[in-house]
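Following the hints, position chain B against chain A.
Heads up: the protein sequence lines correspond to chains A and B, in order. Residue numbers are given in the numbering used here: position 20 of the first sequence equals residue 22, and the series is strictly consecutive. Residue numbers are given in the numbering used here: position 14 of the second sequence equals residue 70, and the series is strictly consecutive.
Keep in mind that the hints were calculated from the coordinates and are not lab data. Treat each hint with caution, since some may be false.
Unchecked claim - Mimicking EDC-like on lysine to aspartate or glutamate, the simulated pairs with C-alpha atoms at most 20 angstroms apart in a straight line are: (1) 241(B) / 356(B); (2) 430(B) / 165(B); (3) 145(A) / 669(B); (4) 605(B) / 125(A); (5) 430(B) / 462(B); (6) 639(B) / 356(B); (7) 90(A) / 260(B); (8) 273(B) / 20(A); (9) 145(A) / 260(B); (10) 145(A) / 620(B); (11) 145(A) / 664(B); (12) 309(B) / 21(A); (13) 460(B) / 449(B); (14) 259(B) / 94(A); (15) 273(B) / 21(A); (16) 342(B) / 304(B); (17) 273(B) / 83(A); (18) 90(A) / 120(B); (19) 605(B) / 123(A); (20) 259(B) / 93(A); (21) 601(B) / 127(A); (22) 273(B) / 94(A); (23) 90(A) / 620(B); (24) 605(B) / 656(B); (25) 605(B) / 127(A); (26) 273(B) / 93(A); (27) 309(B) / 20(A); (28) 557(B) / 546(B); (29) 704(B) / 539(B); (30) 639(B) / 127(A).
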Amino acid sequence: MPTFDLQVNNHAYTVQAEEGMPLLWVLRDLLRLTGTKFGCGIGMCGTCTVLIDGEPTRSCITPVSSVVGKYIVTIEGLSEDGTHPVQKAWEEEKVVQCGYCQPGQVLNAVALLEKNPHPSDSDIDSAMQNVLCRCGTYQRIRKAIHRAAEEA
Amino acid sequence: MKDQITRRDFIKLVGAAGGGLVLAVYLDACVPSAPKVVTPTIVGPTSTLPPAITWAPNIYLKVDEQGILTVTAFRSEMGQGIRTAIAMLIAEELDVAWDSVRIEQALADSRYGDQQTGGSVSVSSYYTGLRVAGAVARQMLVNVAAQAWKTDAAQCRTEAGFVIHPDGQQKSAYGDLVDRAAEMKVPSIASLKDPSDFRILGKDIGHWDAPQIVTGKAVYGLDVRLQNMLFAVIARCPVFDGTFDSYDDTATKAVPGVRQVIALEDRIAVVAENTWAAIQGRNALKVVWNEGSNATLSSDDMKNAAITQLAKAKPKEGNLTAIYESPYEAHATMEPMNCTAYAHDGLCEVWAPTQSPQDVQRAVASAANLRSDKVIVHVTLIGGGFGRRLQSDYAEEAAQVAMKLDVPVQVVWTREDDIQHDFYHPMAVQYFSQPLDQVYIPGGLARGGFSVPTGAWRSVENFAQAYGVQCFIDEMASALKRDPLDLRLELYSGRAANVIKLAAEQAGWGQPMAAGEGRGLAYHATFGVTHVAYVAEVAVVETGKVRVKRVVAAVDCGQTVNPDNVAAQIESGIVFGLTAALKAQTTVKNGRVQQSNFFDYPILQMSEMPLVEVYVVPSDQSPSGMGEMGVPPIAPAVANAVFAATGKRVRHIPIR
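Only chain A is shown next, with the shape it has when bound in the complex (with noise of 0.2 angstroms):
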């Protein structure tokens, strides 16, 4: 079985994987960071999502062996200690009921703010279309993200 080193929230690893075994079940069953949560596994809720060099990338579909050499962050590693602008945000405006999407929530948040530091409602729209939340959380996750974007 091939090895692959991988750059994940400032640490480096060397797991040994199958080529094609998509980035959530490396990030989930080998390294056992959990926050990356499995929805759909074909790359249509976006609750797996990391960041790939800053992209959000839904890691059910991302082979192991594409992401060599690159820099991931998962909801792990997006602050030391939660206080990240977005995190802060989502607590401050009761964003989470369940929570299970939120990390994938955030950290597409995260990568729209990166692009647009003040997006309108309907930026917030087409970035985060596809980030299912079955909960029904969108109207305070509009919100949060204006109020991290008003703080950032």
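Quick look at chain B alone, frame taken from chain A:
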């Protein structure tokens, strides 16, 4: 009364709340004696554990020498906020600062009574009991401090973790009192706070678990990681209640990482070193299914048969008659079904995202052929429940796999497994026929059930009921040339009429709207207890395409523990209901569910989220529950708005 608080004991409380209301609340005064658990180390994220515990006056709370309150959540958290609510109720009466609160989740444990989290009753059932649990503990701490000060306990007060001397100067931290409190007799009387003195209840407090959730540390069922654990994915017959005749696992065993293929009675488990290998292994498995008697089942046929049967009813002349249809619905929780199980030391220990830990305990005991007390059920956070996790099927099969292994195993359902092996919200066909010369709240004649496995789905029968009744009221209004609001105010009174009026006022009922847009009103009291009225504003943008722009909600749920969470549950109910009302349905053909993932079971997305405004009626009535109540009125409000916009009556779900 017994002297030893460590002895199993019950106390009867006479509380002062509610104008001399006598409260008979029974608290188990013994220190929790957890069953013998040989829990292996959890590797990976775990919740922050509080420091050493010194005093547990009852099974609901502990206070340690740092003054940290640890409450035991004995109901399941799936986003509705019950862990936070339990902690708020206890912390209020114990009188500690919110930042010194910790929460631990209870195991399945009969000392907590029925732990099933369903029917939106956790707060209404425990609103007083949990306050009493906190109040008793507070009284004990006050008594200890008063004794040391040689002063009258009744003259002492408390504030944020301190007992304050009557002189207003001296104070004693709870943490410094717990060792002596542990030697105190449990008092038979403790008074509850007057609501005007509340510091925590009635405040907007975010979920206690939120910091763990936004940092990825929260542990859901799928996040349980144990030493040496394996992962399994299960092949189940695509037809309900089917089984298998034979299988060929040659290709499966060739998949790197696959360890074992285990045949269960009607399904086959592929056990591997990681989830991906287990999925690949299952994909490679060749199974000859025995589809059984449901192989020709079709939801369309069942629906059409029901419609034909109901249409045979001969309505009285002059009656207004209509048939309303709503389909099967999947739960589609964001966290697919899963359970981790470990058979060891004569026990079966499971970690389950379950709404009903004691049902899981019974199901696992039966599957593993063990006594219930040999089954330890850890309840994790739940990535969406909506009633699906009242079932125990996922735990039962995980236990069956674990019993064949000597290491822990996590059984993971893929999204396809989850959508296709659900216990669905039942399809319903409802027939209404009412005279128009006398108006009363209509009652439908329903046909449902059929042969598809069904179960509780957020708000259960209220969803279809509200759809039929509230749409039919609008049909009556239309036939009588009356305003739907006026007719409702004739049909409903009291708290119901109050929320209907409030929603209509706030929404600007009657004000003109643009062409192609309309307003619709609906009201429903789910389980007959919480009053919810919605005005939905929709735009019908192109043929059949309905966009819900705004929903104004008015709610009367009695007293609120956490008002912002009431609003959150309304937003949540609206989104959950809109997915069913506008987008997703489960259909069955050839005995199989035809949908498999989010492309054909599409749930509401960010761009489809209406602006939601929530108005909560201030109330001193008992709390009545919120988890499910936001769902039922949205579909009829939208259907009625579509009629207002287009003149077209929609009598089926999804509305299109």
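Any hints this thing doesn't respect? Which numbers, in order? Numbers 1, 8, 15, 18 and 24, in rising order.
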